[in-house]
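Number of protein chains: 2
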Amino acid sequence: MRIIIIGGVAAGTKAAAKAHRVDPNHEIIIYQDEAEVSYSACGLPYVISGVIDDGRKIVIRQPEDFAKEGIKVYTRYRVTSIDNAKQQLRVKNLESNSEELVDYDRLILATGACPIVPNIEGISLEGVLTLRNISDLGRFKTLLTTMHPKKAVIIGAGYIGLELAESFHELNIKTTIIEKATRILPKFDTEMVQPVHDHLLENQVEIILGDGLDKLHGENGRVIAVETESGKMIPADLVVIAIGVKPNVELAKAAGIELGKTGAIAVDSRMETRTPGIFAAGDCCETVNRITGKPIWMPLGDIANLQGRVAGENVAGGNAHFPGVFGTAIFKTFKLTVAITGLSEQAAQEAGFKPVSIVMKGTDRARYYPGRQEYALKLIADRQGGRLLGAQVIGSGNVDKMIDIAATALLGKLTCADMENADLAYSPPFSPVLSTIIVAAGILKSKLV
Amino acid sequence: MRIIIIGGVAAGTKAAAKAHRVDPNHEIIIYQDEAEVSYSACGLPYVISGVIDDGRKIVIRQPEDFAKEGIKVYTRYRVTSIDNAKQQLRVKNLESNSEELVDYDRLILATGACPIVPNIEGISLEGVLTLRNISDLGRFKTLLTTMHPKKAVIIGAGYIGLELAESFHELNIKTTIIEKATRILPKFDTEMVQPVHDHLLENQVEIILGDGLDKLHGENGRVIAVETESGKMIPADLVVIAIGVKPNVELAKAAGIELGKTGAIAVDSRMETRTPGIFAAGDCCETVNRITGKPIWMPLGDIANLQGRVAGENVAGGNAHFPGVFGTAIFKTFKLTVAITGLSEQAAQEAGFKPVSIVMKGTDRARYYPGRQEYALKLIADRQGGRLLGAQVIGSGNVDKMIDIAATALLGKLTCADMENADLAYSPPFSPVLSTIIVAAGILKSKLV
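Going line by line, the protein sequences match chains H and D.
For the first sequence, position 198 matches number 198 in my numbering, and the numbering has no gaps at all.
For the second sequence, position 139 matches number 139 in my numbering, and the numbering has no gaps at all.
Be aware that one or more of the hints could be misleading.
The list treats identical chains as interchangeable, and a pair is accepted whether it falls inside one copy or across any two copies.
[To be verified] Think about it this way: if two alpha-carbon atoms lie no more than 25 Å apart in a straight line, the pair counts; the simulated SDA-like pairs of lysine to any residue are:
id	residue 1	residue 2
1	K151	N93
2	K180	I207
3	K261	R222
4	K253	D53
5	K72	E126
6	K151	R222
7	K335	Q373
8	K246	I208
9	K174	G385
10	K445	S269
11	K57	T363
12	K445	E272
13	K447	S269
14	K150	D418
15	K151	L251
16	K57	A376
17	K447	P323
For the record, the hints were derived by calculation from the structure and aren't laboratory data.
Sequences and hints are given; from them, build the entire structure.
Okay, structure coming up:
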């Protein structure tokens with residue numbers, strides 16, 4: 001059986017490896033339009049800052065590594081159309097521009113997502129970049145080493161924007177973030193976001209809220225300033241468009257493969273599209289929010305890996321299921337770690353729950369143990385029954401630990417009463433005697449009906 | 001109503017605070033035979049090493065702090081007997097040696113535990129110590145500053161023994177550990193323990209296994225050597241007895257309060273003893289292992305706090321339940337963190353499960369992100385159905401995070417299949433793209449029937 005996988009970054013390569021492990025007799029082919037496969041896009045901001053000293057480090061595996069397992073990887077090949085009736089692809093060699101038709105038995109779409117780039121004046125000027133893949137990284141590195149930018153504007157105050165603000169700070173580039181919404185990080189509840197905002201200001205990042213990108217001004221083909229919708233002019237020799245990403249679904253759409261409500265490819269829990277025999281995984285497809293049961297699009301590297309594993313198993317003859325996500329995410333900006341899992345209080349309300357919540361300060365060590373750091377934990381539960389619905393953790397120290405405890409609690413459908421008596425690991429270097437999440441759950445329990 | 005609490009370290013003070021919060025109209029009295037109340041015994045090894053620069057820091061609250069809430073704390077008062085029929089205590093002032101009778105309406109026993117000290121020749125020599133409470137700390141500090149010991153022997157290779165080995169190393173005291181069992185850390189599975197053993201050796205700690213303490217030799221009233229059961233003589237100017245603790249149950253026993261199978265006071269989930277109106281909490285009472293359903297004695301500070309909270313609520317008229325423990329524990333020795341939750345593979349077998357397990361190396365960051373550290377994770381599941389039964393994590397980096405994810409998974413009765421698709425927080429500085437526990441759960445799933 002010939003399995004073809006379109007896209008070779010996270011979901012595609014994971015699917016290939018899994019399919020091969022399930023049944024090494026299948027022929028497995030990956031078509032990837034970029035020159036690199038199997039890289040960690042999440043590492044890109046750290047390569048730009050220099051924290052990761054060599055961009056090649058974020059490339060996990062080379063085509064030769066796949067070849068050893070009998071997985072054929074074609075880089076710089078683009079699949080331009082799918083004929084599902086004939087089970088045939090049209091594939092273009094991007095180097096030679098030649099095209100060929102290739103038959104498949106099973107297909108996995110792992111076409112990923114791409115940055116949303118507004119069609120505005122000046123968008124093609126030199127110095128205007130996005131950060132999504134290895135080619136973008138090359139453009140960044142070239143710009144940084146040849147032009148030595150001094151003033152950057154980042155359009156969009158999401159994860160990538162805030163990670164890049166730190167990267168630019170490391171490079172002594174003065175940075176302004178412009179965000180159309182009235183606050184940064186709209187997935188978080190309002191009261192949790194202010195400390196992040198303040199922390200950015202403390203690190204000399206300027207933030208303009210409630211204002212969008214109107215046009216870009218240039219000189220000799222290079223960007224020199226950003227003009228906002230309200231008419232502000234901000235000088236810039238580097239502009240990053242980071243207003244969000246969209247799923248790459250054109251190929252699927254043209255082939256009549258159904259999209260979901262989120263605009264990404266619709267799949268069942270086996271990662272099969274509505275077109276039998278064609279699977280999808282990663283940033284190009286949607287999934288289910290395990291709390292609301294509603295479709296959600298969650299284009300993140302770890303989810304892509306989980307979905308790729310399931311699609312790879314099923315395409316090779318197995319029967320695995322991907323149950324959906326809780327929307328867990330984490331990122332770092334300067335000294336703050338910012339993390340979320342489940343629903344925010346606002347999202348819980350919108351989903352029809354009657355949430356109660358608590359925000360409390362926590363610490364990662366006993367209060368007498370040196371070097372301890374603080375964070376704020378918000379815990380959200382359903383007023384009826386007390387089931388935990390979500391958590392947000394922002395600060396220093398073990399933010400990642402707290403959010404993963406909360407994410408595991410959501411997975412176990414635990415209530416405040418359950419968490420109040422959790423048996424978590426205590427010793428002075430690792431935790432206060434009662435973990436913050438235990439204390440928070442106890443107080444939250446008292447707010448239930 | 002007058003509530004009397006016997007013991008004022010962890011469970012006792014927590015119970016008092018909780019009872020006061022539930023109903024501030026009750027009269028609440030704590031009798032504590034030590035001079036200090038409300039301190040963190042878990043911090044003691046770090047005061048000895050100097051990591052915590054002042055022993056007073058591990059005292060959380062003073063009697064005056066309790067007095068502000070109307071809780072009366074009598075330090076250096078010992079309850080010598082309980083007359084349950086009369087609801088009356090005999091209380092001795094340890095300073096004046098005077099005794100009085102005090103009536104109570106409700107009683108909480110929080111008498112704690114004390115080190116097991118073998119009745120052998122030389123046990124009373126100067127330089128032979130235990131480490132359990134603030135008085136012990138005083139003796140340690142005096143000895144360290146006046147005698148400047150050079151060679152220590154620690155009897156017992158449990159948590160306290162291994163924590164102290166590190167403390168002594170910090171103080172340039174050459175240390176030998178003697179353990180009667182044939183390996184250190186018997187609660188862990190054998191294959192997990194060897195790296196800890198090796199790490200101790202690397203740090204110049206000598207370890208003698210399968211040999212017990214026979215007698216102590218002295219000169220001018222001071223210890224100079226340890227003689228083992230096999231006849232080994234080990235020079236020592238400091239000997240620490242750390243072979244374990246036992247619950248302080250004499251008072252309860254004399255009053256006819258029933259003990260459990262473990263030898264600690266038997267309680268129900270409300271923390272009430274078999275004698276109605278008398279509650280117990282903390283190291284003096286037993287609890288339930290939530291996986292086996294069997295009684296277990298788990299004398300740890302965090303559990304004492306959880307139980308104290310429940311006893312305090314119930315004694316004041318509430319109705320809280322403590323559901324038991326998973327046996328979660330963590331400690332640090334030199335550069336290694338050692339943690340466990342649930343059953344070891346051996347304990348699972350003994351409890352009648354048919355466990356399967358996996359040991360795998362894990363890391364706390366993306367493999368290309370600088371500063372990452374490694375640990376070994378052992379995950380144990382029930383072959384039938386795949387419910388997770390336990391985890392052990394040993395190494396550097398986020399050991400505490402891994403064990404708390406596992407402990408929360410046990411709380412949620414999660415299976416390998418559940419954990420395989422956990423939605424944990426990923427970003428390169430905080431985790432590999434798939435958390436080690438996710439990968440381990442996936443592999444373990446393939447070993448199930």
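Consistency of the hints with the structure:
| no. | hint | verdict |
| --- | --- | --- |
| 1 | K151 <-> N93 | neither (39 Å within a copy, 73 Å between copies) |
| 2 | K180 <-> I207 | within (11 Å within a copy, 64 Å between copies) |
| 3 | K261 <-> R222 | neither (39 Å within a copy, 80 Å between copies) |
| 4 | K253 <-> D53 | neither (40 Å within a copy, 66 Å between copies) |
| 5 | K72 <-> E126 | neither (36 Å within a copy, 74 Å between copies) |
| 6 | K151 <-> R222 | within (13 Å within a copy, 72 Å between copies) |
| 7 | K335 <-> Q373 | both (11 Å within a copy, 20 Å between copies) |
| 8 | K246 <-> I208 | within (24 Å within a copy, 63 Å between copies) |
| 9 | K174 <-> G385 | neither (49 Å within a copy, 56 Å between copies) |
| 10 | K445 <-> S269 | between (34 Å within a copy, 18 Å between copies) |
| 11 | K57 <-> T363 | between (33 Å within a copy, 16 Å between copies) |
| 12 | K445 <-> E272 | between (41 Å within a copy, 22 Å between copies) |
| 13 | K447 <-> S269 | between (36 Å within a copy, 23 Å between copies) |
| 14 | K150 <-> D418 | neither (52 Å within a copy, 49 Å between copies) |
| 15 | K151 <-> L251 | neither (38 Å within a copy, 74 Å between copies) |
| 16 | K57 <-> A376 | between (34 Å within a copy, 24 Å between copies) |
| 17 | K447 <-> P323 | between (31 Å within a copy, 21 Å between copies) |
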